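Visitor: This is what each chain is made of:
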Amino acid sequence: MIAYQLSIFAENKPGRLAKVTRILKKGKINIRAMTISTSDAFGVINALVENPESARALLEKEGLTVSLKEVIAVVIEDKPGGLDGLIQLLFEQGINIENAYGFVLESRKKAVFVVDVDQLDQTQKILKNAGFETLDTKALSAIEPFHYMNY
Amino acid sequence: MYWEEAIETMPREKLEALQLERLKKSVEKASGSIFYGDLFKKIGLDPKGITSLEDIRKIPFTTKDDLREHWPYGFLAVPKDDLVRMHSSSGTTGRATVIFHTQSDIDEWTNIVARSMYMTGMRRSDVFQNMMTYGLFTGGLGFHYGAEKVGALIIPAGSGNSKRQIQLMQDFGTTTIHIIPSYALHLTSVFEEVGVDPRRDTQLTRAFLGAEPHSEKTRKKIEEFYGVKAYNSYGLSEMDGPGVAFECPHQNGMHLWEDNFILEIINPDTMEPVAEGEEGEMVLTTLLREGMPILRYRTKDLTRVIPGPCECGRVHRRIERIKGRTDDMLILKGVNIFPIQIEKKLMDIPGVGTNFLIILEREGFNDLMIVRVEVGREFFSGDLKQLEALRRRIVEELKSDILITPKVELVEPGALPKSEGKAVRVVDNRED
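Sequence order for the protein chains is A and B. Each residue of the first sequence is one higher than the last, beginning at 0 in numbering that gives the first Met the number 0. Each residue of the second sequence is one higher than the last, beginning at 0 in numbering that gives the first Met the number 0.
Don't read these hints as lab results, they were simulated from the structure. Keep in mind the model is a prediction, meaning the values are calculated, not measured. One thing to keep in mind: the hints can contain errors.
[To be verified] Taking lysine to aspartate or glutamate and the EDC-like style, the derived pairs with C-alpha atoms no more than 16 Å apart in a straight line are: (1) 47(B) / 27(B); (2) 68(A) / 377(B); (3) 406(B) / 373(B); (4) 23(B) / 4(B); (5) 384(B) / 97(A); (6) 12(A) / 54(B).
[To be verified] Covered stretches of chain B, as calculated for chain A (at least 3 residues, CB under 8 Å): (7) 373 to 387; (8) 398 to 411.
Every residue, glycine too, gets a C-beta built ideally from N, C-alpha and C.
When you get a sec, could you build the whole thing from the sequences and use the hints?
Guide: Here is the structure:
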């Protein structure tokens with residue numbers, strides 16, 4: 000399944016990220032994960048959020064340059080070697096990862112690893128055949144914070 | 000102390016009589032070109048109607064656009080076979096302005112360069128290292144021929160290769176250098192790097208600074224570091240090149256060789272002459288040019304005439320250091336750049352948005368051009384690599400056009416200040 004990540008073009012200077020989070024807060028949009036990649040004077044803020052379509056509309060209304068990027072959110076086990084299983088598989092299949100980040104769903108049990116790859120369809124097929132679960136935007140939004148309940 | 004005492008010190012009335020005699024001939028010659036022939040016919044000007052120096056005002060101004068529009072041969076006043084050389088303005092590509100010379104033109108030009116150098120005390124015994132680009136640019140060959148005429152030993156080093164420049168100075172006892180001021184400042188750090196002190200380890204006594212405007216403070220810095228007297232040099236390819244005006248040992252303004260050129264300073268708004276000593280745009284007329292006479296050329300350079308006689312005894316009037324331009328031409332590392340060139344290049348590159356800003360900074364002794372470019376909203380696909388590729392492409396495309404490697408920064412659409420009316424394309428933060 001495909002998930003959508005917000006990619007925001009931003010100059011590499013104080014205040015740009017603050018503007019993004021301020022707009023998302025005002026729009027009551029929850030952020031699941033975020034990474035920033037920079038190249039000297041400019042960079043890209045990548046954010047996995049609930050309801051990316053309306054987040055994009057809100058950000059663009061404030062003048063930001065936003066693109067919705069297709070990514071794959073893979074569920075992995077939150078234990079030593081959990082990520083390695085996924086990465087070795089992608090490596091063996093010759094899939095190059097352009098960008099990636101992860102977050103924990105359920106401590107010691109489940110985590111999500113988000114990958115940005117060129118060969119989306121092929122990667123999905125490989126993951127499906129290997130039995131990996133992938134989440135789409137809706138599934139990502141629906142995830143309950145299990146770790147609270149475990150206390 | 001004079002290269003041509005009679006010319007350099009002739010009484011003002013005599014100099015003006017000589018100018019008038021030469022002006023008449025120059026206008027006559029010019030009328031043989033397509034451009035001036037048509038122009039004179041159109042406005043009903045008979046070259047014989049020029050009977051006083053004031054009559055020059057009957058002739059319309061000539062601009063760089065005229066030169067471009069009548070490129071390449073529209074200004075030629077002699078058959079092509081009589082030409083022996085061409086030069087072109089520095090930096091610009093596309094339709095550059097081209098100037099053609101006959102042998103006599105080269106000889107006259109060489110003479111005023113030699114006169115300028117001799118004025119500063121350069122003699123046959125001097126070793127002259129010419130650190131300017133040789134080629135289409137007039138600064139290299141113009142000085143080369145002048146120095147040869149003086150009889151000095153020339154090291155035609157050309158530009159760049161800093162360590163070799165220093166080595167040459169040491170190996171061959173260079174006494175005189177011709178150098179772009181910003182490069183002279185840059186070179187100080189190379190001297191320090193290789194552990195050579197120009198005051199102690201070289202025989203340098205004088206420097207000719209040309210190809211870009213600089214301040215008195217920059218001159219002082221160069222004089223201090225190199226242990227030389229530094230002389231300001233003014234020229235433009237349309238008026239031969241270097242040697243149009245030059246400083247004498249009193250270093251108070253540049254004597255403009257009025258036996259070769261008629262000097263006018265006009266108010267660029269009204270086009271009327273300003274009062275003596277007031278600032279305005281310099282307008283020059285060639286008096287001895289055969290191949291391509293140019294009448295009342297608007298240099299776009301702002302300066303003023305320094306009133307009163309010079310202690311050196313030369314009657315040729317002095318102009319002050321160039322204060323700026325009446326157009327938006329930038330001079331960076333001796334290269335002339337028009338913002339429109341950058342705009343044209345940028346707008347041809349897919350992914351570039353609507354606005355850009357050129358920022359000039361001085362980093363240490365280096366001039367740096369930063370071009371901030373808005374990215375097109377529809378171009379952004381969320382990919383940093385794509386942005387980086389766009390940035391590199393812009394650097395390469397600009398470099399191929401302006402010959403300088405700019406630092407390019409991509410900015411968000413709408414990030415650059417919008418100006419009302421004429422867009423602000425250039426911010427010059429260079430300070431001395």
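Visitor: Against the earlier hints, flag every one the structure doesn't satisfy and list their numbers going up.
Guide: When the structure is compared with the hints, numbers 4 and 6 turn out to be violated.
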